[in-house]
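Taking the hints into account, I'd like the entire structure generated from these sequences.
There are 2 protein chains.
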Amino acid sequence: MSAAPQLDTQGLEYDGKIRVTYNDMHILIQKTAPRIKAEFNPDLMVAIGGGGFVPARMLRSFLKQGDGEKRRNIPIQAIGLSLYEEVGAFDGTPGLAQEEKLGKEVVRTQWLDLSTLGSKPLIGRRILIVDEVDDSRTTLSYAVAELQKDIDEHLAALTPEQRAATPPTELAIFVVHNKDQPKACSIPSHVRYFAGEDTKPKSWICYPWEQEDILLHDAIALKQKELGL
Amino acid sequence: MSAAPQLDTQGLEYDGKIRVTYNDMHILIQKTAPRIKAEFNPDLMVAIGGGGFVPARMLRSFLKQGDGEKRRNIPIQAIGLSLYEEVGAFDGTPGLAQEEKLGKEVVRTQWLDLSTLGSKPLIGRRILIVDEVDDSRTTLSYAVAELQKDIDEHLAALTPEQRAATPPTELAIFVVHNKDQPKACSIPSHVRYFAGEDTKPKSWICYPWEQEDILLHDAIALKQKELGL
Numbered sequence: 001m002s003a004a005p006q007l008d009t010q011g012l013e014y015d016g017k018i019r020v021t022y023n024d025m026h027i028l029i030q031k032t033a034p035r036i037k038a039e040f041n042p043d044l045m046v047a048i049g050g051g052g053f054v055p056a057r058m059l060r061s062f063l064k065q066g067d068g069e070k071r072r073n074i075p076i077q078a079i080g081l082s083l084y085e086e087v088g089a090f091d092g093t094p095g096l097a098q099e100e101k102l103g104k105e106v107v108r109t110q111w112l113d114l115s116t117l118g119s120k121p122l123i124g125r126r127i128l129i130v131d132e133v134d135d136s137r138t139t140l141s142y143a144v145a146e147l148q149k150d151i152d153e154h155l156a157a158l159t160p161e162q163r164a165a166t167p168p169t170e171l172a173i174f175v176v177h178n179k180d181q182p183k184a185c186s187i188p189s190h191v192r193y194f195a196g197e198d199t200k201p202k203s204w205i206c207y208p209w210e211q212e213d214i215l216l217h218d219a220i221a222l223k224q225k226e227l228g229l
Numbered sequence: 230m231s232a233a234p235q236l237d238t239q240g241l242e243y244d245g246k247i248r249v250t251y252n253d254m255h256i257l258i259q260k261t262a263p264r265i266k267a268e269f270n271p272d273l274m275v276a277i278g279g280g281g282f283v284p285a286r287m288l289r290s291f292l293k294q295g296d297g298e299k300r301r302n303i304p305i306q307a308i309g310l311s312l313y314e315e316v317g318a319f320d321g322t323p324g325l326a327q328e329e330k331l332g333k334e335v336v337r338t339q340w341l342d343l344s345t346l347g348s349k350p351l352i353g354r355r356i357l358i359v360d361e362v363d364d365s366r367t368t369l370s371y372a373v374a375e376l377q378k379d380i381d382e383h384l385a386a387l388t389p390e391q392r393a394a395t396p397p398t399e400l401a402i403f404v405v406h407n408k409d410q411p412k413a414c415s416i417p418s419h420v421r422y423f424a425g426e427d428t429k430p431k432s433w434i435c436y437p438w439e440q441e442d443i444l445l446h447d448a449i450a451l452k453q454k455e456l457g458l
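Line by line, the protein sequences are chains W and S. The opening position of the first sequence corresponds to residue 1 in my numbering, with each subsequent residue numbered one higher. The opening position of the second sequence corresponds to residue 230 in my numbering, with each subsequent residue numbered one higher.
There's no promise every hint is true.
[Said to hold, decoys possible] Some chain S residues close to chain W (C-beta under 7 Å, calculated; not the full set): (1) TYR251; (2) ASN252; (3) GLY279; (4) ARG286; (5) MET287; (6) SER290; (7) ILE305; (8) ALA307; (9) THR345; (10) TYR422; (11) PHE423; (12) ILE443; (13) LEU445.
[Stated by the list, open to error] Pairwise CB distance ranges (calculated): (14) GLN294(S) - CYS185(W): 26 to 32 Å; (15) ALA4(W) - CYS414(S): 55 to 61 Å; (16) LEU387(S) - LEU83(W): 31 to 37 Å; (17) GLY295(S) - GLU13(W): 26 to 32 Å.
[Said to hold, decoys possible] Here are the simulated BS3-like pairs of lysine-lysine, each with C-alpha atoms no more than 25 Å apart in a straight line: (18) LYS246(S) - LYS299(S); (19) LYS17(W) - LYS37(W); (20) LYS17(W) - LYS200(W); (21) LYS454(S) - LYS246(S); (22) LYS378(S) - LYS431(S); (23) LYS31(W) - LYS223(W); (24) LYS429(S) - LYS64(W); (25) LYS299(S) - LYS17(W); (26) LYS183(W) - LYS149(W); (27) LYS246(S) - LYS223(W); (28) LYS70(W) - LYS246(S); (29) LYS293(S) - LYS17(W); (30) LYS31(W) - LYS225(W); (31) LYS431(S) - LYS412(S); (32) LYS246(S) - LYS266(S).
Read the hints as simulated data drawn from the structure, not as lab findings. C-beta atoms are modelled at their ideal positions from N, C-alpha and C, and glycine is treated no differently.
And the structure:
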């Protein structure tokens with residue numbers, strides 16, 4: 001039995017964790033963006049906070065619309081969704097008693113502000129939902145279902161003539177990492193799905209914004225890459 | 230007259246621009262967080278998108294509330310504000326005609342979702358507004374004024390007894406970089422102000438999420454640090 005590779009001068013052995021640096025994420029998103037643009041070409045991004053904030057801002061730079069001087073940013077709307085899997089995961093959001101959050105449940109802390117999106121806020125749009133990771137797919141499934149409800153409501157308010165004249169409203173998902181494992185929830189097949197990369201089932205992914213020592217994190221990430229881990 | 234220092238192998242000369250890497254920003258925010266916690270101790274963050282998304286997510290990690298296992302994330306609400314200073318800065322937000330955005334004006338693309346913040350959404354809170362840069366202070370001034378309107382409205386709906394029993398609602402600002410220059414707009418003196426660092430007047434700051442070549446950006450940033458620029 002060979003020992004696990006040593007990763008730093010403090011004796012940290014390889015623990016199977018995936019360590020993602022900010023630059024790794026930036027480059028991975030940059031590589032994925034042309035495919036998203038070619039195959040979906042979103043005109044609205046919905047960032048799921050907090051994990052989707054950094055990826056969404058990175059992605060926005062690579063999805064600008066138009067050419068040259070006229071390049072325009074795609075608008076981003078943020079929504080706040082948290083997955084509570086056990087007692088004690090309470091995030092301190094007032095107005096939500098801790099008891100309400102037992103079990104595996106998505107808690108909505110912010111939703112779209114449709115008042116700024118014009119008179120037909122979601123209709124005829126190509127909406128890209130962005131998050132950092134697809135683990136059980138529960139949060140993404142919730143986001144798609146709730147957005148679809150809003151879209152259906154707006155569609156129902158149109159006259160048949162208006163509806164016929166409206167291009168289809170399309171939804172897609174982008175996650176930086178998709179854990180290649182059985183999912184607790186599903187997403188309708190008409191919703192396009194983009195992942196920066198697939199990781200092993202149950203991967204433990206360490207994101208840069210969670211790091212107390214970002215330089216050590218980067219050094220270990222580099223060492224793992226050098227060792228092909 | 231001495232030549233400007235050369236910064237890369239392609240012959241790029243020092244251009245006075247400040248190049249911020251993701252790790253620079255992470256570390257700067259980490260250094261500032263203890264002061265924010267000690268002097269203000271926010272219980273709600275309001276991230277101004279898109280520039281505030283990355284700083285807000287970084288800062289959240291360093292402002293967790295409580296100790297050990299019970300450490301809880303501070304909720305983040307996102308708002309979307311853009312400053313339009315000239316014709317052509319239209320970001321493609323439907324429902325807002327380009328003509329409406331001439332001149333120097335803050336355009337609101339998303340506001341708080343108060344429905345998730347309990348029955349007295351803003352009252353008695355310590356609210357930290359987060360953005361990446363304080364340039365003319367126009368956007369920050371708008372955010373403070375609009376938040377204060379919401380707070381005043383909620384306070385006015387309370388009975389005198391309720392109001393007397395409520396702790397004060399406090400606002401503060403955190404920006405990663407404050408350009409040390411005359412500001413077009415002001416902020417009330419009771420609003421606390423935190424900046425990761427002050428930069429020279431009219432600094433040209435290159436943020437990492439805008440970079441086409443993040444590795445070159447980092448290499449030039451490192452070279453500038455080595456040269457003390």
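The hints, checked one at a time:
1. TYR251: holds (3 Å)
2. ASN252: This interface hint holds because 5 Å falls under the 7 Å limit.
3. GLY279: holds (5 Å)
4. ARG286: This interface hint holds because 4 Å falls under the 7 Å limit.
5. MET287: holds (5 Å)
6. SER290: Because about 6 Å separates SER290(S) from the closest Cβ in chain W, which is inside the 7 Å limit, the hint holds.
7. ILE305: holds (6 Å)
8. ALA307: holds (3 Å)
9. THR345: holds (5 Å)
10. TYR422: Violated - the Cβ of TYR422(S) stays beyond 7 Å from chain W, reaching only about 23 Å at its closest.
11. PHE423: violated (19 Å)
12. ILE443: holds (5 Å)
13. LEU445: violated (11 Å)
14. GLN294(S) - CYS185(W): 26 to 32 Å: At 30 Å between Cβs, range holds.
15. ALA4(W) - CYS414(S): 55 to 61 Å: Given about 56 Å between the Cβ atoms, the range holds.
16. LEU387(S) - LEU83(W): 31 to 37 Å: holds (34 Å)
17. GLY295(S) - GLU13(W): 26 to 32 Å: At 31 Å between Cβs, range holds.
18. LYS246(S) - LYS299(S): Measuring from Cα to Cα gives roughly 42 Å; hence the hint is violated.
19. LYS17(W) - LYS37(W): Violated, at roughly 31 Å.
20. LYS17(W) - LYS200(W): holds (11 Å)
21. LYS454(S) - LYS246(S): holds (12 Å)
22. LYS378(S) - LYS431(S): violated (31 Å)
23. LYS31(W) - LYS223(W): Holds, at about 23 Å.
24. LYS429(S) - LYS64(W): violated (30 Å)
25. LYS299(S) - LYS17(W): holds (23 Å)
26. LYS183(W) - LYS149(W): holds (22 Å)
27. LYS246(S) - LYS223(W): violated (32 Å)
28. LYS70(W) - LYS246(S): holds (23 Å)
29. LYS293(S) - LYS17(W): holds (23 Å)
30. LYS31(W) - LYS225(W): holds (18 Å)
31. LYS431(S) - LYS412(S): holds (11 Å)
32. LYS246(S) - LYS266(S): violated (31 Å)
Hint compliance for this structure: hints 10, 11, 13, 18, 19, 22, 24, 27, 32 are broken, all remaining hints hold.
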